[in-house]
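Chemist: Each chain, written out:
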Amino acid sequence: DTGVSQNPRHKITKRGQNVTFRCDPISEHNRLYWYRQTLGQGPEFLTYFQNEAQLEKSRLLSDRFSAERPKGSFSTLEIQRTEQGDSAMYLCASSLRATNEKLFFGSGTQLSVL
Amino acid sequence: AQSVTQLGSHVSVSEGALVLLRCNYSSSVPPYLFWYVQYPNQGLQLLLKYTTGATLVKGINGFEAEFKKSETSFHLTKPSAHMSDAAEYFCAVSDRAGNQFYFGTGTSLTVIP
Chain C
1 DTGVSQNPRH KITKRGQNVT FRCDPISEHN RLYWYRQTLG QGPEFLTYFQ
51 NEAQLEKSRL LSDRFSAERP KGSFSTLEIQ RTEQGDSAMY LCASSLRATN
101 EKLFFGSGTQ LSVL
Chain H
1 AQSVTQLGSH VSVSEGALVL LRCNYSSSVP PYLFWYVQYP NQGLQLLLKY
51 TTGATLVKGI NGFEAEFKKS ETSFHLTKPS AHMSDAAEYF CAVSDRAGNQ
101 FYFGTGTSLT VIP
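The listed protein sequences correspond, in order, to chains C and H.
With our numbering, letter number 73 in the first sequence gets 73, and the count goes up by one each step, no holes.
With our numbering, letter number 96 in the second sequence gets 96, and the count goes up by one each step, no holes.
Hints should not be assumed to be uniformly reliable.
To be verified - Derived PhoX-like pairs (lysine-lysine); straight-line CA-CA distance at most 20 Å:
#1 H:Lys58 with H:Lys68
#2 H:Lys69 with H:Lys58
#3 H:Lys68 with C:Lys11
#4 H:Lys49 with C:Lys102
Claimed, not checked - Here chain C is said to cover these stretches of chain H; the calculated rule only asks that three of the stretch's residues, wherever they fall, bring their Cβ under 8 Å from a Cβ of chain C:
#5 40-52
#6 102-110
Simulated from the structure, these hints should not be mistaken for lab results.
Yeah, the Cβ is synthetic: ideal placement off N, Cα and C, and Gly gets one too.
All chains should be modelled from the sequences, with the hints used to inform the complete structure.
Modeler: Okay, structure coming up:
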């Protein structure tokens with residue numbers, strides 16, 4: 001069990017650029033979640049996958065955001081045409097199965113949009 | 001819909017003193033409740049969770065929390081604070097399907113030597 005791994009740890013980009021983050025969950029975990037956290041706030045749900053299927057996406061999520069989880073393993077989160085308001089910590093979490101199982105979080109990717 | 005409210009964004013206690021971090025939830029159905037801790041530069045870790053059964057749940061590092069339905073609360077306590085307890089603490093709620101977890105805004109705990 002190597003834990004949930006997120007790359008990169010930090011990303012600085014200019015407004016209007018596209019960025020992509022990667023999350024490698026714990027290998028046997030079939031649920032994968034993406035959250036966004038800003039300073040002074042708790043994690044805000046973005047989307048989650050059951051294996052390769054994206055089951056739910058937050059209504060707050062702009063269509064500039066897209067996530068994939070090919071083959072039900074690692075996941076990528078892409079933000080197109082970044083805006084300064086996208087600056088945040090992007091957290092990935094995984095769990096073994098649904099229904100009250102605890103989430104295992106990665107250390108996050110800190111995005112700064114200049 | 002579920003939500004949680006954490007009262008007090010910053011709490012300071014002396015080393016050895018009681019730690020009390022407050023969390024109230026809102027849910028139309030019996031919820032599952034969690035406390036997570038986030039140490040600097042680390043990911044969130046589960047401290048404890050309540051699903052069903054005993055309303056007093058014990059977690060790691062000497063923390064415990066009590067589910068009080070009548071008060072819609074799930075406050076986190078520890079009898080004696082240690083310097084290593086300094087961190088950000090998040091209360092969270094999920095529905096029984098576990099499809100989403102809703103987090104509070106967090107409480108930053110400072111332990112004064």
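Chemist: Go through the numbered hints given earlier and state which of them the structure violates, listing their numbers in rising order.
Modeler: 3
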